[in-house]
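Position one of the sequence shown corresponds to residue 1 (our numbering), numbered consecutively onward.
Source of the hints: derived by calculation from the structure; they are not laboratory data. For each residue, glycine too, the CB sits at the ideal point set by N, CA and C.
Lysine to aspartate or glutamate pairs mimicking EDC-like chemistry, simulated, CA-CA at most 16 Å apart:
#	residue 1	residue 2
1	Lys-154	Glu-217
2	Lys-199	Glu-73
3	Lys-63	Glu-52
4	Lys-303	Glu-73
5	Lys-251	Glu-281
6	Lys-89	Glu-34
7	Lys-63	Glu-73
8	Lys-252	Glu-281
9	Lys-55	Glu-85
10	Lys-274	Asp-228
11	Lys-61	Glu-73
12	Lys-77	Glu-52
13	Lys-304	Glu-73
14	Lys-303	Glu-70
15	Lys-279	Asp-228
16	Lys-184	Glu-85
17	Lys-278	Glu-122
18	Lys-77	Glu-301
19	Lys-120	Glu-281
20	Lys-221	Glu-163
21	Lys-120	Asp-107
22	Lys-56	Glu-85
23	Lys-89	Asp-129
24	Lys-121	Glu-281
25	Lys-279	Glu-122
26	Lys-229	Asp-272
27	Lys-274	Asp-243
28	Lys-56	Glu-82
29	Lys-304	Glu-70
30	Lys-221	Asp-289
31	Lys-278	Asp-228
32	Lys-121	Asp-107
What follows is a set of in silico ranges between Cβ atoms, one per label pair, in the way DEER data are often shown:
#	residue 1	residue 2	range
33	Thr-157	Gly-250	17 to 25 Å
34	Asn-111	Pro-271	37 to 45 Å
35	Gln-249	Ser-287	15 to 23 Å
36	Leu-81	Ser-39	29 to 37 Å
37	Arg-48	Pro-239	28 to 36 Å
38	Asn-35	Arg-219	33 to 41 Å
39	Lys-274	Asp-107	32 to 40 Å
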Amino acid sequence: MKIYLKLFGIFGVILLTQISCSSKNYHQPKGQIENLTPSKYQKTPLTRQSVEITKKTYSFKYKFSSPSNEWFEWSWKYKRLETIEMINKFGISKSIFEPFQATEKNDKSRNRIIKTSLFKKEGNVISPDFNRMIPFYMGFTSPLYALTIRTLGKDSTPRERVEFLLRFVQDIPYGIPPTRSNSKVISGVLSPPQIFIEKWGDCDSKVLLLSSILAHEPRYKILLLHLDKHLLMAFEGRPHPNDAYIIFQGKKFILADPTGPARLPLGNPGPDFKGQFKKIEALQVTSADRKIPHYVSRVIEVKKVNL
Numbered sequence: 001m002k003i004y005l006k007l008f009g010i011f012g013v014i015l016l017t018q019i020s021c022s023s024k025n026y027h028q029p030k031g032q033i034e035n036l037t038p039s040k041y042q043k044t045p046l047t048r049q050s051v052e053i054t055k056k057t058y059s060f061k062y063k064f065s066s067p068s069n070e071w072f073e074w075s076w077k078y079k080r081l082e083t084i085e086m087i088n089k090f091g092i093s094k095s096i097f098e099p100f101q102a103t104e105k106n107d108k109s110r111n112r113i114i115k116t117s118l119f120k121k122e123g124n125v126i127s128p129d130f131n132r133m134i135p136f137y138m139g140f141t142s143p144l145y146a147l148t149i150r151t152l153g154k155d156s157t158p159r160e161r162v163e164f165l166l167r168f169v170q171d172i173p174y175g176i177p178p179t180r181s182n183s184k185v186i187s188g189v190l191s192p193p194q195i196f197i198e199k200w201g202d203c204d205s206k207v208l209l210l211s212s213i214l215a216h217e218p219r220y221k222i223l224l225l226h227l228d229k230h231l232l233m234a235f236e237g238r239p240h241p242n243d244a245y246i247i248f249q250g251k252k253f254i255l256a257d258p259t260g261p262a263r264l265p266l267g268n269p270g271p272d273f274k275g276q277f278k279k280i281e282a283l284q285v286t287s288a289d290r291k292i293p294h295y296v297s298r299v300i301e302v303k304k305v306n307l
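Turn these sequences into a full structure, and let the hints steer you where they fit.
Here it is in structure tokens:
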């Protein structure tokens with residue numbers, strides 16, 4: 001779910017428009033993360049997730065199905081302090097939506113708050129800035145990328161990796177987040193670490209997660225496809241005969257819907273796609289963005305499991 005925040009008028013009168021999916025201080029983090037309650041929760045049978053919390057780490061296990069219907073269990077750990085810092089980084093203070101006098105000084109202050117909160121302002125609309133969130137959370141998704149390579153092998157094709165990770169993300173239970181978390185406005189989007197702590201996510205959150213994993217490879221060119229009440233993504237590549245795709249700036253992009261719990265394959269955008277988009281947004285991750293900070297403990301394990 002995504003909340004677009006619209007600001008109008010000299011004195012900052014604020015209107016909030018809600019759109020739902022169809023299917024502090026950065027250096028002084030809080031010790032606890034607020035537990036959130038999703039709406040429209042759905043889970044794929046037989047998938048399983050667990051989180052073990054210690055003073056120093058979050059330890060995760062996640063059982064999911066591959067596109068070939070093999071079952072895998074991934075295990076990995078994150079440093080607890082840095083994980084909480086990364087979760088608290090995303091989200092904007094409620095005070096930004098209080099009445100204000102539109103002076104140059106106030107505008108500069110507000111724009112600074114918006115930027116440091118991983119949001120963006122386009123005209124009168126404030127929304128999460130995926131182009132800044134994706135590189136910021138690449139430190140967190142680094143072990144997930146490493147698990148992908150360990151599972152599929154270094155010789156796996158770009159399409160095989162996309163198809164595998166698409167299923168990985170789809171099997172995470174679906175749920176629509178609230179508009180606020182930890183006393184901040186999050187516009188109905190969960191950051192990648194919060195998805196695994198909460199054990200669910202919606203279309204926006206899962207698109208963000210999948211994009212942040214694939215961003216570790218420069219070869220992937222990704223588009224965000226904004227529908228009226230949904231968010232899809234598309235990958236540059238050569239479409240297979242039955243793939244749905246679009247042409248953007250002269251290149252073909254294959255459509256995908258990571259939302260779940262429906263296990264839609266790459267090239268099948270699902271019933272919500274009617275051939276039209278409100279907006280197409282290209283993700284831009286630079287080589288500098290790929291200089292990953294060492295936020296996480298690289299303790300990873302892959303198991304093939306039986307049902």
